[in-house]
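> Please work from the sequences and hints to get the whole structure.
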Amino acid sequence: MIDDATAIYIVENRKCFEDLKQVASQLAGLLVLSASGSKEAVPDHPMLHAAGELFQEAVDAMRSARPTERARPHHEHLRRASTMIGGALKQASVGLNTCLDLDRVLIPLRAGYSELERAADELPGFEKVSYERACCGGRAQ
Amino acid sequence: MTPAYSLWVMEYAAVPNYPQSGLIYGMHNQGTRKLPYCYVVIKGQGQLAMVDVGYNHKAHGEVLANTYGVRGWHPPHEVLGEIGIKPEDVSTIFITHCHFDHMGNIEDFPKATFYLQERELSKWVWSMSLHRRFRWLMLGIDPADIMRAVDLARQGRLVAVDGDRENVLPGVDLHAAFDTHTWGSMYVTVRNDLATNSQSSWVFCGDLAYGYENLRGHDPNDPEYIPIGLATGSQFNVIMTADEMVKSVGGDVHRVIPPHEERLKDLYPSRITKAGLRITELALADGEKSQVR
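These protein sequence lines map, in sequence, to chains A and B.
Residues in the first sequence are numbered from 1 upward in steps of one, following the working numbering.
Residues in the second sequence are numbered from 1 upward in steps of one, following the working numbering.
Calculated from the structure, these hints are not laboratory results.
Please read all numbers here as calculations on a predicted model, not as lab measurements.
Any given hint could be a false lead.
Stated by the list, open to error - Simulated coverage check for chain A against chain B, where a stretch passes if three residues somewhere in it have a Cβ under 8 Å from a Cβ of chain B: (1) 10-24; (2) 30-37; (3) 116-129.
What the hints assert, rightly or not - Heads up, simulated SDA-like pairs for lysine to any residue below, C-alpha to C-alpha not over 25 Å straight-line: (4) LYS58(B) - LYS90(A); (5) LYS58(B) - ARG157(B); (6) LYS111(B) - VAL161(B); (7) LYS34(B) - PRO16(B); (8) LYS58(B) - GLU18(A); (9) LYS128(A) - PRO170(B); (10) LYS90(A) - SER129(B); (11) LYS15(A) - SER127(B); (12) LYS128(A) - GLU18(A); (13) LYS58(B) - ARG118(A).
Quick reminder that beta carbons are idealized off the backbone N, C-alpha and C, glycines included.
Below, the structure written as structure tokens:
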């Protein structure tokens, strides 16, 4: 059972969660392009800049969050996720040219995404994947 | 001629009551049908390959079961074990597209090389750079799958294909279907007589068709192509691809295999396992024993 204050927390923090997930996806996307030798993998990919801006929005939103007792574990996972994803973002800005570069980004990125997954498990309303409108995850009757 | 490959469609989970409108364009308010989740096994010529790998139950199972009615998920070692195959024996996997229920379980196949379209990757990545209001374009994508794909690429087990490619395995071709169900969907053709102008082709179409209505319409006497319920690209491209697929099997729509089509059981021999999952046998190579009789 979710109390009113926690319900408000959920609504207010959904975007922050989604933004961090998006940043993680963007970084993972850059890594996979780089690791697979895609022709789209270019240094200073514009997405890195987009990821940086979105990350800052998420951090700002998180700072103003008011977690209830029930929402505290969720918020803690979110906080840890932002620290790790922020670290990954910083490393990605340095460069993605070698295996070592990839590791420097991938390791904190994975850890950060795991924290997001844990956050999603703590409270309803935070989805790891957008099933709702996905073709095969559409709501059955 | 004896088929070059044995071909099985392996159910690994299902939604018992899925709205028809999600599958066949325009079938609003016309009830539900069973939607099996399946992958395909291709065995022969010294090769063991698959088309798609299903989803990661650890990550998605509970939500899909509780909220979306997905039932009966079983891991690849159990599903494939029914036909005497281990996931670690699979050497080649063709990913038709990057939705979580098609590429989500790559970590269960530790020795396989994965083929997918380069465009599928690069356009997903591009869509991630768009504003949040475009998030519909990313539906069905699990960021964790993208991270797992990074590892595949570093291990040299990810082949990003640019367009069509013939004879990836003997008699097995990949066909790009850009801007259809997804940005870089592809379908897999098995020329089961290994001939260039095959008289025994099969098409494994991923989600380019969910059911036979997509390929022949509602009236068998007056066939037509009807788009699928969901296309990130254009429905025009979806139906033109349907035509291409049907032509490539000489007009026999039943040789185009939609993995979500429950009625495969009415066309080909099959059996239900103890776990309640169906195995459908499309072809048997020389010396291979039936897994459904």
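> Does each hint hold? Answer for all of them.
Now the hints, each set against the structure:
A stretch counts as covered by a chain when three or more of its residues have a beta carbon under 8 Å from one of that chain; for the segment 10-24 of chain A and chain B the count is 6, and the coverage holds. Counting residues of the segment 30-37 of chain A whose beta-carbon sits less than 8 Å from any beta-carbon of chain B gives 7, enough to reach three: the coverage restraint holds. Counting residues of the segment 116-129 of chain A whose CB lies closer than 8 Å to any CB of chain B gives 4, which reaches the minimum of 3, so the coverage claim holds. With a C-alpha separation of about 30 Å, the suggested pair LYS58(B) and LYS90(A) falls outside the 25 Å cut-off, and the hint is violated.
Distance hint between LYS58(B) and ARG157(B) is fulfilled; the C-alpha atoms sit about 23 Å from each other, no more than 25 Å. Using a Cα cut-off of 25 Å, the hinted pair LYS111(B) and VAL161(B) holds, with the two alpha carbons roughly 19 Å apart. A hinted pair counts as satisfied when its Cα atoms are at most 25 Å apart, and LYS34(B) with PRO16(B) qualifies at roughly 4 Å. Proximity of LYS58(B) to GLU18(A) is assessed by CA-CA distance (about 21 Å); at most 25 Å being required, the pair is judged to hold.
A hinted pair counts as satisfied when its Cα atoms are at most 25 Å apart, and LYS128(A) with PRO170(B) does not qualify at roughly 39 Å. With a CA separation close to 17 Å, the supplied pair LYS90(A) and SER129(B) stays within the 25 Å bound. Restraint check for LYS15(A) and SER127(B): satisfied, since their Cα atoms lie roughly 18 Å apart, inside the 25 Å limit. With a C-alpha separation of about 9 Å, the suggested pairing of LYS128(A) with GLU18(A) holds against the 25 Å cut-off.
Proposed proximity of LYS58(B) and ARG118(A) is supported: the alpha carbons are some 12 Å apart, at most 25 Å.
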